Amino acid sequence: MSVATPLGLYRHGTSAMHRLPAGPKLAGLAVLGVVVVVARGPVVSVVLLALAVALNAAGRVPLRPVLRSLLPVLVTTALVAGFQWWQRGPAVAVEVAADLLSLVLAAGAVTATTPADRMLDLLDRALRPLRVLGVRPDLVALAVALMLRTVPALLTTAREVRDAARARGLERSPRALLVPAAVRTVARARATGEALAARGIGD
Amino acid sequence: MAQSRPSHAVTFDGAAVVAETTAPDGRADRLTILHPVTCTLTERRVAVVGANGSGKSTLARLVNGLATPSSGRVLVDGLDTVRDGAAVRRRVGFVFTDPDAQLVMPTPREDVALSLRRLPLDRAARDDRVRAVLERFGLADRAEVSVHALSGGQKQLLALAGVLATEPSVLVCDEPTTLLDLRWRRVVDDLLDSVDQQVLQVTHDLDAAARADRVLVVDRGHVVFDGPAPDGVAHYRDLMAVR
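Chains as they are written, first to last, in the UniProt record's numbering: chain A, 1 to 203; chain B, 1 to 243.
If you're looking for bench data, these hints aren't it; they were derived computationally from the structure. Quick caveat, the model's predicted, so the values are computed rather than measured. For glycine and all other residues, C-beta sits at the position ideal for the given N, C-alpha and C. Treat the hints with care, since some could be wrong.
Here's a subset of chain A near chain B, in silico, CB distances under 7 Å, partners left out [to be verified]: (1) Thr-114; (2) Pro-115; (3) Ala-116; (4) Asp-117; (5) Glu-171; (6) Thr-192; (7) Gly-193; (8) Ala-195; (9) Ala-198; (10) Arg-199; (11) Gly-202.
Just the calculated beta-carbon pair ranges, DEER-fashion [to be verified]: (12) Arg-136(B) / Ala-143(A): 23 to 33 Å; (13) Ala-9(B) / Asp-203(A): 20 to 30 Å; (14) Thr-156(A) / Ala-210(B): 38 to 48 Å; (15) Asp-128(B) / Ala-189(A): 30 to 40 Å; (16) Met-147(A) / Arg-136(B): 24 to 34 Å; (17) Ser-70(B) / Pro-129(A): 37 to 47 Å; (18) Asp-141(B) / Val-38(A): 25 to 35 Å; (19) Asp-128(B) / Val-38(A): 43 to 53 Å; (20) Glu-160(A) / Leu-182(B): 26 to 36 Å; (21) Val-151(A) / Val-82(B): 32 to 42 Å; (22) Ala-191(A) / Ala-28(B): 25 to 35 Å; (23) Val-38(A) / Ala-19(B): 51 to 61 Å; (24) Gly-134(A) / Leu-182(B): 44 to 54 Å.
Go ahead and model the full structure; you've got the sequences and the hints to work with.
Here it is, written out as structure tokens:
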């Protein structure tokens, strides 16, 4: 089963967010990133957070997976916000927390509504000028797509290894968790490489 | 099925595979996985049978350059799998036993599109082609679901779709039905029987092997039989019965 993460899988749909081309979406995300850093004060940050939530709603991104994937981010955010509250007061705490969440949510909305194929096309086009330097844009685009795809796969691997360790009563042994996780990750990388080679992708 | 297509040739010219390993006492050792094989395969349906670890998968991997011969050569339509690797892989599609190893994109549509990126198609043409391929393999209604949500049989069908989308001339399958239930095995078998491609299938399914035009039996790194299907299957049964 698929694991929901902030970089979770694309969900098919026909909403306005889905129809928007990948370029403007990614550009918008970049602008949001800049605005979040430049703008000061909790009010702007909360408005941006509302905007990020609205983007998810516009893309009809299902609520439950988003919440589930947001959980680790929420924990981090709570810790950071708590520290800021103590150090610099509630206004800064709200600003920092809202900034973090809106970036993650907006990025999630973009990945959930943009097929990997379109992202590849976009990267391919954007990197074309680097061809003079000997860079092959299609390969770079493929590497990025594989990286995005690997994040959920790594989480699945971690869960499988934990289950296997638990089945043998070894859940407290770091070696029983880390070694197989590392071995499986390398094995997976090799299998993916072979699959790409067999399909002639990257030749 | 009568075919007017030009036939293709996979040629093994003394091809052998030797691996460097470490002996139990720590010294470097050489393990022969496949002893020199010489034969020319032009039949439309070729089956390779043999015990686990006999070297039959290595034989299959030689055909598209996934494995390279330590000595000798392997040629596909006259192209050397080492020197002209990219050209060979454009001609030879390869299907693994485990489709999870082969499917790299999150959805069927994207996975087939990945295969087609190699062809000079614009986006609209590629989308059309993807749709046609999924339609042909009965996966049109699964185009946008997560690959993980497909059944084992559907995944293998998708792996085949991704490989056949680029219309290679030779299709190599390494135990394509080993993980499938009876129903899906029949679906994949029927598909492999019907495609225009020359098919080289490594299999443990002796019924499938018996339908081939030519059977190779591999045992302990040697091709010990090369000939018509009924004799090949009988030879393999005898071989296994003695052990």
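### Violations among the numbered hints
1, 5, 7, 11 and 18
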